[in-house]
Structure formats: structure tokens, C-alpha cells
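> Below, each chain spelled out in residue letters.
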Amino acid sequence: MRRYVIRRVAQAVGVLWAAYTVVFLVLDYLPGDPVAAMAGQGDQTAVDPAQLDRLRARYGFDKPVLVQYLDYLGRAVRGDFGDSVATGRPVTGMLAAAVPQTLQVTVAGMALAVLFGGGLAVLATYTRRRWLRSLLLSLPPLGVSVPVFWTGLLLVELFSFRLHVFPAFGDDGPRGLVLPAVALAILPGAMIAQVLAKSLLDTLDEPYAQTARAKGAGRARVHLRHALRNAALPALTVAGVLVGQLMANSVVIETVFSRNGVGRLTASAVTAQDIPVVQGVVVFAALVFVLVNLAVDLVYPLLDPRIAGAAAR
Amino acid sequence: MTPTPQRRPALAVPALTALALALGACGSGDGGAASGAPVAGGTLTFAVGSDAGCVDPQQVGSNDTIYSTRQLVDSLTDQDPATGKIVPWLATSFEVNKAATEFTFHLRPGVTFSDGSPLTAQVVKDNFDAVPKLGARAVLSTQYLAGYAGTDVVDEHTARVRFKQPNAQFLQASSTFSLGLVSSASTRRTPEQRCTQGVAGSGPFTLASYVPNQAITLAKRKGYGWGSSLWKKTGEAYLDRLVFKIVPESGVRTGSLQSGQVDAIGSVGRADEAALKGAGVRLLSRANPGLVFNVGLNNSRPLFRDPNVRRAILAAIDRRQIADTVFPTGTRPATSVLAHTTPGYADLGTLLAADRARAAALLDGAGWKPGPDGIRAKDGAKLSFAVSWAPVAATNQPALELVQQQLKAVGVQVELKQIQVAQLTRLQQSGDYDALFGNLTRADPDILRGTFSTKGANTYKLAPSALDGLLDRQAATLDADERAGYVKQAQETLVRDAYVAPVVELQTELGVAKKVHDLDFEASSRVQLHDTWIG
Chain Z
1 MRRYVIRRVA
11 QAVGVLWAAY
21 TVVFLVLDYL
31 PGDPVAAMAG
41 QGDQTAVDPA
51 QLDRLRARYG
61 FDKPVLVQYL
71 DYLGRAVRGD
81 FGDSVATGRP
91 VTGMLAAAVP
101 QTLQVTVAGM
111 ALAVLFGGGL
121 AVLATYTRRR
131 WLRSLLLSLP
141 PLGVSVPVFW
151 TGLLLVELFS
161 FRLHVFPAFG
171 DDGPRGLVLP
181 AVALAILPGA
191 MIAQVLAKSL
201 LDTLDEPYAQ
211 TARAKGAGRA
221 RVHLRHALRN
231 AALPALTVAG
241 VLVGQLMANS
251 VVIETVFSRN
261 GVGRLTASAV
271 TAQDIPVVQG
281 VVVFAALVFV
291 LVNLAVDLVY
301 PLLDPRIAGA
311 AAR
Chain D
1001 MTPTPQRRPA
1011 LAVPALTALA
1021 LALGACGSGD
1031 GGAASGAPVA
1041 GGTLTFAVGS
1051 DAGCVDPQQV
1061 GSNDTIYSTR
1071 QLVDSLTDQD
1081 PATGKIVPWL
1091 ATSFEVNKAA
1101 TEFTFHLRPG
1111 VTFSDGSPLT
1121 AQVVKDNFDA
1131 VPKLGARAVL
1141 STQYLAGYAG
1151 TDVVDEHTAR
1161 VRFKQPNAQF
1171 LQASSTFSLG
1181 LVSSASTRRT
1191 PEQRCTQGVA
1201 GSGPFTLASY
1211 VPNQAITLAK
1221 RKGYGWGSSL
1231 WKKTGEAYLD
1241 RLVFKIVPES
1251 GVRTGSLQSG
1261 QVDAIGSVGR
1271 ADEAALKGAG
1281 VRLLSRANPG
1291 LVFNVGLNNS
1301 RPLFRDPNVR
1311 RAILAAIDRR
1321 QIADTVFPTG
1331 TRPATSVLAH
1341 TTPGYADLGT
1351 LLAADRARAA
1361 ALLDGAGWKP
1371 GPDGIRAKDG
1381 AKLSFAVSWA
1391 PVAATNQPAL
1401 ELVQQQLKAV
1411 GVQVELKQIQ
1421 VAQLTRLQQS
1431 GDYDALFGNL
1441 TRADPDILRG
1451 TFSTKGANTY
1461 KLAPSALDGL
1471 LDRQAATLDA
1481 DERAGYVKQA
1491 QETLVRDAYV
1501 APVVELQTEL
1511 GVAKKVHDLD
1521 FEASSRVQLH
1531 DTWIG
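Heads up: the sequence lines are chains Z and D, in that order. Residue numbering for the first sequence is 1 to 313, as defined by the numbering used here. Residue numbering for the second sequence is 1001 to 1535, as defined by the numbering used here.
Excised from the complex, chain Z in its bound form:
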């Protein structure tokens, strides 16, 4: 078990380093630079080139790429991503301000997804009515295929602009959280439902489920106590993928609902080619992704002892 943990942690660090390096190279390859972006402001204003050069020197953009890379990497390891070129604020502080906003909406979205996705899968596999089952099972493909941008705008139009039930802006306290969380929950909810329903159906055909039934366990008991626990394993595996998608979709959702989170930070930093901020965001996203997968990997053997046994060999 210890070697399993050490190997997983080493892999996680490797992923973080790779993410950082790839982003650095991509940003370096792009034409234009953040200093020009800041001064240009989109119109034809003429800027003093000497002034731009001074600013570039201040942010270290005039040094060779390798020096810049090592310099940034050294500080990043210590948690210092430098200052945003566009705003002059420390990147770590900007992230710290944005993360809670994103955390609220993604956690709420994930909770809704588990609740409704899981509920749908259980209900669809439990019911004996054929039409209800096929109706319920046809919903997840629909949920996977609608773009989150569209659902977000539809929800705002309906519940905010027409019915006046919820505010259109996501920063208006708990009520403002409802619509973005629902919009965000649809995709992971649908995926959970798909995976869980499939594996529940498989599990219910397994011999141990039949054994349980033969021993006189009620249908509901077999379904919820025996089958669901085992069927949850594949659903847990997709959790890592889902977190990645939630973070990607938060860019869209935070724009639609005017929330000031990591997604918005990413979108504006990319347009401004604000290298320090983009790097901070990518490392943060990679960190979350790695941690979630690490957690899944570590929880897995607890649920299924065979895995740890295999790893320990």
C-alpha cells in the first residue's frame, strides 16, 4: 500500500510539472505579448516602443526563454506565480479570490449531479414499467449533448428574465447560486446516470445478486444495499473526468452568470496573454485534477481490496 501511495504521488507531481511546461512553451510560441496587449487596448493608439521595452524588462520577458522558464518554475515551486501583467496584482491573490466562487458553484453542481444522476439511474433500473425506464434512460444522452452555454442562457431567460424567481447574476448570495449550479450539473449528472445505470443493470445479473434474492432479500434491498455499492465503482472512476469537465464548463457558466471565478479569470487572462495568470490557473487546474484522481485512486482499494493487492505485488 505504501509503495502504491508513493507511486501515485510521484505521478501527480510529474503531471503538474508537465502541465506547467507545456503551457509555458505554448504561451512563448504565441505571437504578441502581454505588455503590448496591455498597452494596445484594441484601438490604433500609438505607444512609445521604449516604454514597452522597459516594461518587458521589468517582467523579465527580454531574457532568453530558458532563463525565463527556470526563473518562473523556481518561484512557482514555492507557490509564487509572480504578478499579473494586466492588473499588477499577485497571481496567488487573484486565484485565492476566485477559487471560493468556483468552488461554491462546482461543489453545488456536483452535488446536484450526484443526486439527480444517481437518482435517475436507480429509478430507471428499479422500475418495472418499460416506458418509464426507456423514458428515463433517454434523458442522459440528451443531457450530454446540449451545450452548457445554451442551457445557461435558457435558464436565465426563463427563471430570471421572465419568471423573476432567481437573479441573473451569480454573485447575489445563495439564490444566485441556484441557476449556475443547475446549468453546471446537467452534463456530469447525465454522465453519472449513464454509467451508473449501465453498471447497475450488469450488477443485478451477477450471481451474488441472484443469491441475495434467493436468500429472500427484498427487491429494494438487493438494489440499494448490494447492487448499488458495487455498481458505484465505475461511476467513481469517471469522477476525475467529471471534475475536469466541471472546471472547463465553469469558464462558460461564469461568463453567462457574471461570476467572478477561476473560469472568468482564465478567459480574461488568455485574451490578454497574461502569462503569469494563465500559468497560475493551469497549475491550479492540474492540481485539482491530480488531487481528485489521487483521491479516487486511494479510495478505490478501500472499496475493492483486489486493487491494492495487485499494486502491492
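Hints are computed from structural coordinates only; laboratory data are not their basis. We put the beta carbon where it would ideally sit given N, CA and C, even for glycine. Relax, there's no trap hidden among the hints.
Here are the in silico distance ranges between beta carbons for each label pair:
1. Asp-80/Z - Pro-1391/D: 29 to 39 Å
2. Gly-1469/D - Asp-62/Z: 31 to 41 Å
3. Arg-1301/D - Gly-60/Z: 28 to 38 Å
4. Glu-1415/D - Ala-248/Z: 29 to 39 Å
5. Ala-111/Z - Ala-1271/D: 30 to 40 Å
6. Glu-1401/D - Asp-62/Z: 37 to 47 Å
Put chain D on the given structure of chain Z with help from the hints.
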């Protein structure tokens, strides 16, 4: 009453009084004027699309941020949007020497900044001394102070600002938010501190809170009593609070205004107009003064060294069609290189009429013959060039696609090259482009010198010519008639020799709820909220 988003301005009359000729177009008149006396109090919520990450008026340049930061500071002077004339604000009077190198301002006594410090000549000096050190973000303010030699503190309330060369534009610059005054203590902070924590201004509102990418909240300045001579109300503002919410999605801005969740929105597009009008929202619009949207040709390219090729491009563009198809209702086709709201504007509409036959004749004469694919060619080379553009306005792409079609009709091939905003400045400096598309807002004709003088940035790589002399002379006089004469000649030269191809004016359009009154445009087509009230 039906909203009248754009009143037709009176026709331009030859220079009667000041520089400004046809400035009457501001459609900002109070559509709901009939509803009685103004009431004090209340909060105005204004949704804007973006946040520049900075709340220092001397450092910001984007409209969305100017709407809020303009309210934090007062300027030495103000500019009448109807006439273009410069009038008193913090300076009760001002004089300019004959050479337009020395500007003396007599300050109003009793003015204080929000940190309690008084306005003195020393504060003016501290401000202007600090601006050139603000760095690259402060593009506008540093440009206005180009050639700054220093400020003399003549006495406690008299400041004399000196320049190395004639600099007539500085008088108008002193009316802009970019040179709005902040307290001496604020001038001593770093540019970054000023951006994130704000500055202490003397304006009718103070910064209550700034949450980046979310909201900028302003509170009424108690005891304010030194407003611009143009304002209707003296003393404090009517509104208690102004909340500028950052709402990036345009559909959400429109819907929030329709459903009453916000009171005003910026950047209304043509597609939003119908829905907003149906919801009983007033649309206010005014053309931004300065350089119109233009296809700026790189005059150093061999293709564009032939004036007849440039002239053919100007003649092939149907400006009216572009304005009516792509831009908000009421947008005017360009009738000069300057928008009609710019002081010194001259109507050259007849020179800019679409004339396909003339374009074809000019190209024929220049030796460009139609090829089998319809594109003209000469000595085996196709008549083709690229226009580089950045997606800073939603109208850029459709406008350029029309330009592309219109030029194709006369046998000119245009390639549209989308670039990132971040690349724009570098491309401009390198000179490695065929043509650039964009505009530039400035309520002073000196913008022509800044853009076209070969002694300055010379964005479009013109060769030295008599134009330089004209541009220098307009910078050296504050005699309105004399200056307008030079500016008119400069515009005629630019249009006749076709150094750039003017397309349409940029029109700022706002959506405002009916209950909001007296939300007015100032001379640069940004808003003034001191007189605004809700009731």
C-alpha cells in the same frame, strides 16, 4: 413619448464660431423629461461588459471602465459636447500663450479631494509630473502630456503648465478623465497600487468598493460643490450610489435591463435594439469623436504608393450600406477621416461617395486589368492585399466582410486576417502589414497629428509631405477659426490623397430604463452621472 435615439444634427454650417461645427448630434436628450422635478437618492445599477482590472482614471482607456472612473475625478476644464468649446471646471479661468506652449489655470478655491487634502497648484504639478512615469498602461494620459516641460506653481491657486513644443491639444486634454486630478498622496503611489486600490479624486462620487471582474461601487461624495460649469445641478450629485456590474454576456445585459435587474447597460448592439425598444427602454447614442473606423493603408507598400489605387479603394467602399447593415441604428457613414462630433470636423461626404465606375476607371488607368477570375492583375501580380483586424468590437468582422465584397466587385481581392489584441501594437510598430482596421476616440482634431504626422507615430507610414506642416500649424494655434482652417485642409489632403479609407463612425449606444433621467453624454461620448436621477 417614443424614444428618439438619434436626432438628426443640423447641417454643418461653415465656421461661424468655434471649431466645432456639426456637434449637435447627441441624442442624449432626456426622453422622459415630463415626469416632474428631480429627486435625490437611490442607486443606479449599470451593467458593463468588461473590467480593465484598474480603477485609476489616469490609467484606463476602455469605455466600460471610463463610465465609472470618470465619476471619481474632476478635470481642470470641461468640454461642451454641443460646441466643442472648452469651459471652466476646477479652473475658473485659463489662459494660453500665443505660441500654445504655456497654459495657465486659475484654480477654484475650497476644492478638496476625498482624502481631505485641498486642491492647490502644487497638486496640479504633482499630477502632471507623475503622469509620464505611470508606464505603458497609461497610454492616453502620457500621450496628452507628450513634450511636457514642467508645471510652475505661480501661487497657491495658479498653475502654469509648460511644453517644449506648441501643443494646442492640451487644452482639450485638460478636460478629459485621463488628466482628471487626484490628490498629491495618490500621485505618490505606484501605478499598480493606484489601479487596484483606486485614487483619491475630487469628483462627485468616491470609490466604495472594487471587486475585480465583478463590480465597481461608487458612493456620493458628501459636501461636493465644485461641479463643471456645464452641469445642470450645483452641489452634490442626486444619486447615493452607483453600482457598475461586470456582465460579460451581451444577452444577459439586455435581459437584465428588460427585466429591471439593472437600470442601464453599455455596448448595445444592432441585434439588441428591437428587444429593448419593445421593453420600453430608451436608447441613447452619440458618435464618438476622433478617427472613424477606417481601413488604414500601409502607404510604404509598393501597391499603395500609387495614389490612384488608394483612391479606387476609397471610391469602391459603399459606406452607407455598411453603416445600415452592421452598425447600431443611426450610425453615420464616414464623411471625413474625423467623426462629425470632433471639433474641426469638415464634411467631405461628396469626396467619399461610393462610385464603382470611378474606382474601375482609376484602376484601369493605373494599369490593373481584370483577370479571368475577376481579380485585376498587372505584370502577373494580382491586385490583392490583407486587412489585419482584432476582434475588439462585434461589428468588426461583418463590416470588413462587406468591405471585402465591395472591393471584390471592382476586382480587388481582400484577405481578412484576424489577429489578437495583443498582437496589434507590435504589428503597428513593425510596419509589417498591408492594412489595419480600427478607430480612435478623441474629441480634439490633434488626433490627426498623432496618427498621420511623419514626425510622430506615423501609424500608416506616410511619406513626408505638406501635410506635416498643416498638422504642426494646427497644433500651434488656439485661434478657433485659424485652427479649423488647417484641420479642414488636413482632412481634405487625407481624403483626396486617400492615405486611409474611412468607413463608418463609431457610435456609442446605451440602453437606459425609463425611470432614469438626465444621463448625458459628455464631449467624448462617455457619460456624466452627477445630474442623473431616478424617479
